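Peer 1: Spelled out from the first residue to the last, the chains are:
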Amino acid sequence: MTLAGTVIVGTGQAGFQTAASLRTNGYQEPVTLIGEEPHIPYQRPPLSKGFPLGTQDRESIDFRPAQFYADHRIDLITSRRVTAIDRSARQVALDSGLRFSYDKLILAVGARNRLLPAPGANFENVLYLRTVDEGVAFKARLAYAQNVVVIGGGFVGLELAAVASSLGKRVTVVEALPRLMSRAVAPSVSEFFFDLHRSKGVKVVCGAAVSELSGVNRRVTGITLSDGAHHPADLVLAGIGILPNVELASEAGLPTSNGIAVDEFLQTPDENIFAIGDCAEFPCAFAAGQRLRLESVQNAADQAQTVAATIAGRREPYRALPWFWTDQFDVKLQMAGISHGRDQIVIRGSAESRKLSVFYFKQGRLAAIDSINRPLDHMIGRKLIAAGTPLTPEQAADESIDLKKLSSKSQVGH
Amino acid sequence: MPKVIYVSHSGDRKEIDVPVGTTVMAGALKNGVDGIVAECGGVCMCSTCHVFVDQAFLGKIPPADDTEEAVLEIAAIERQPNSRLSCQIKVTEDLDGLIVVMPEKQR
Numbered sequence: 206m207t208l209a210g211t212v213i214v215g216t217g218q219a220g221f222q223t224a225a226s227l228r229t230n231g232y233q234e235p236v237t238l239i240g241e242e243p244h245i246p247y248q249r250p251p252l253s254k255g256f257p258l259g260t261q262d263r264e265s266i267d268f269r270p271a272q273f274y275a276d277h278r279i280d281l282i283t284s285r286r287v288t289a290i291d292r293s294a295r296q297v298a299l300d301s302g303l304r305f306s307y308d309k310l311i312l313a314v315g316a317r318n319r320l321l322p323a324p325g326a327n328f329e330n331v332l333y334l335r336t337v338d339e340g341v342a343f344k345a346r347l348a349y350a351q352n353v354v355v356i357g358g359g360f361v362g363l364e365l366a367a368v369a370s371s372l373g374k375r376v377t378v379v380e381a382l383p384r385l386m387s388r389a390v391a392p393s394v395s396e397f398f399f400d401l402h403r404s405k406g407v408k409v410v411c412g413a414a415v416s417e418l419s420g421v422n423r424r425v426t427g428i429t430l431s432d433g434a435h436h437p438a439d440l441v442l443a444g445i446g447i448l449p450n451v452e453l454a455s456e457a458g459l460p461t462s463n464g465i466a467v468d469e470f471l472q473t474p475d476e477n478i479f480a481i482g483d484c485a486e487f488p489c490a491f492a493a494g495q496r497l498r499l500e501s502v503q504n505a506a507d508q509a510q511t512v513a514a515t516i517a518g519r520r521e522p523y524r525a526l527p528w529f530w531t532d533q534f535d536v537k538l539q540m541a542g543i544s545h546g547r548d549q550i551v552i553r554g555s556a557e558s559r560k561l562s563v564f565y566f567k568q569g570r571l572a573a574i575d576s577i578n579r580p581l582d583h584m585i586g587r588k589l590i591a592a593g594t595p596l597t598p599e600q601a602a603d604e605s606i607d608l609k610k611l612s613s614k615s616q617v618g619h
Numbered sequence: 072m073p074k075v076i077y078v079s080h081s082g083d084r085k086e087i088d089v090p091v092g093t094t095v096m097a098g099a100l101k102n103g104v105d106g107i108v109a110e111c112g113g114v115c116m117c118s119t120c121h122v123f124v125d126q127a128f129l130g131k132i133p134p135a136d137d138t139e140e141a142v143l144e145i146a147a148i149e150r151q152p153n154s155r156l157s158c159q160i161k162v163t164e165d166l167d168g169l170i171v172v173m174p175e176k177q178r
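Here the protein sequences come in this chain order: A and B.
Under our numbering, the first residue of the first sequence carries the number 206, and numbering increases by one thereafter.
Under our numbering, the first residue of the second sequence carries the number 72, and numbering increases by one thereafter.
Derived by calculation from the structure, the hints in this document are not laboratory data.
Note that the structure is a prediction, hence the values are computed from the model and not measured.
Idealized CB from N, CA, C, for every residue including glycine.
Treat the hints with caution; some may be incorrect.
[Unchecked claim] Calculated pairs, BS3-like style, for lysine-lysine (alpha carbon to alpha carbon, straight line, at most 30 Å): (1) Lys131/B x Lys537/A; (2) Lys537/A x Lys161/B; (3) Lys609/A x Lys176/B; (4) Lys537/A x Lys85/B; (5) Lys537/A x Lys176/B.
[Unchecked claim] From the derived model, a few chain A residues whose C-beta atoms are all more than 12 Å from chain B: (6) Ala209; (7) Pro235; (8) Gln248; (9) Asp300; (10) Ala348; (11) Glu417; (12) Ala457; (13) Glu469; (14) Asp475; (15) Ser555.
Pulled out of the complex, with its shape left as it was, chain A reads as follows:
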């Protein structure tokens, strides 16, 4: 018999969903949810979309009202950092000095912003975006900014560039690699978004590194790039990726690499400790078992539900299909599957029509789809990939073939 229950470290999407799903699954033991931030759990995606744009207010981004946690007997502890795991005693230590015992421990510790290595990066108007406090700070400064420079042409950087541009700011995006979002999407998708941003008046510079930020009185006034070009700036936003928070796990002797290493059950070698979400590196069923670390709502929420089911007594491997989205201006890009390692790309639709999907094949099998303004391709694509329904590159490219009919006999893996 025990009264320790489950302790969840991290109040992001993964931590919140684990706590909620444990209760949905009928788990009766104590649930303790511990986070460093001084807020009840909230959604991060709106921080680079509707929140700075002004279409979503602060309250609307909370997952649930504060009362939810009491109603579901979730002991929510905010503003506290877990400093150590004592695996033999099955306890975690908090920076307050308190210790909590656990039967099961979930590390949903997330990631932190990669910091800009350039000289001048510590000016007070050089910002990052991951937490709601950073989101509030960005929104406040954006209101008074005229020249916004976004460093990093990934999802967060481009979403914020689109927001700033929509609010009438002069915006420059600087990307070190030769094309936008290059880690995630095919060249044709990068080109589409390059053209989109340019058509809205955003300056996009690819293949250029930041040499220096210059300013006066602790405030940045401009940046100089590796090609020698200078761009004026009264607000700089660096969206250059995140680093997984592996230290708590590694100091407890758990294996880490590009994330906290877990197996297909999202379990560390210590059977009482799981890791999920942005911080976890797991064998991905949709990448031939290759170990990946994914940064997405889908990954966090689905991994949370897998672990919650396992702890509630229905042990199951993690097998959910990865999906993702980004909103930039009036365009939604939807992604399904894992496109790394593709050997063939087929396009359905066209950039001219502003509706296109890119189908990624690996050894003749559909591995991933990126859809621009073709939501049905995305949703049907999720079914096709999850079920492993055969689809040839020729069928994918042929718009007269109804993908929905092909998928009608297959079941969706959410």
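Given chain A, work out where chain B should sit, using these hints.
Peer 2: Quick look at chain B alone, frame taken from chain A:
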């Protein structure tokens, strides 16, 4: 303030005042209505806020756009003609008394 009546799969009813301009999904989340998960936060990516809209109100709600129609294709419980995503239903004075029935499961 318009009332929205949330009916669970097993028939439990909850009447909630939902402010005009907010969504049927948000009204559920704020007031502890189980049965709407809203995993993606209301951006038409996940189908976990699926509801069946009472026939009397169907005509008072603007029709689903292509994105919503696509998402309904992956609903955990097969979509019906009166299926909608509650994140896409904005509450208006006209919708006072709206009845939505939640499916047996959302995932």
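Peer 1: Does each hint fit the structure? Answer for all of them.
Peer 2: Verification of the hints:
1. Lys131/B x Lys537/A: 27 Å, holds
2. Lys537/A x Lys161/B: 20 Å, holds
3. Lys609/A x Lys176/B: With Cα atoms ~23 Å apart, Lys609/A and Lys176/B stay inside 30 Å; holds.
4. Lys537/A x Lys85/B: 34 Å, violated
5. Lys537/A x Lys176/B: Holds. Lys537/A to Lys176/B sits at ~27 Å (cutoff 30 Å).
6. Ala209: 27 Å, holds
7. Pro235: At roughly 21 Å from the nearest Cβ of chain B, Pro235/A sits farther out than 12 Å, so the non-interface label holds.
8. Gln248: Given a closest Cβ separation of 5 Å, the condition is violated.
9. Asp300: 30 Å, holds
10. Ala348: 23 Å, holds
11. Glu417: 38 Å, holds
12. Ala457: 30 Å, holds
13. Glu469: Non-interface label stands for Glu469/A: nearest chain B Cβ at 20 Å, farther than 12 Å.
14. Asp475: The claim holds: Asp475/A sits with its nearest Cβ about 29 Å from chain B, beyond 12 Å.
15. Ser555: 17 Å, holds
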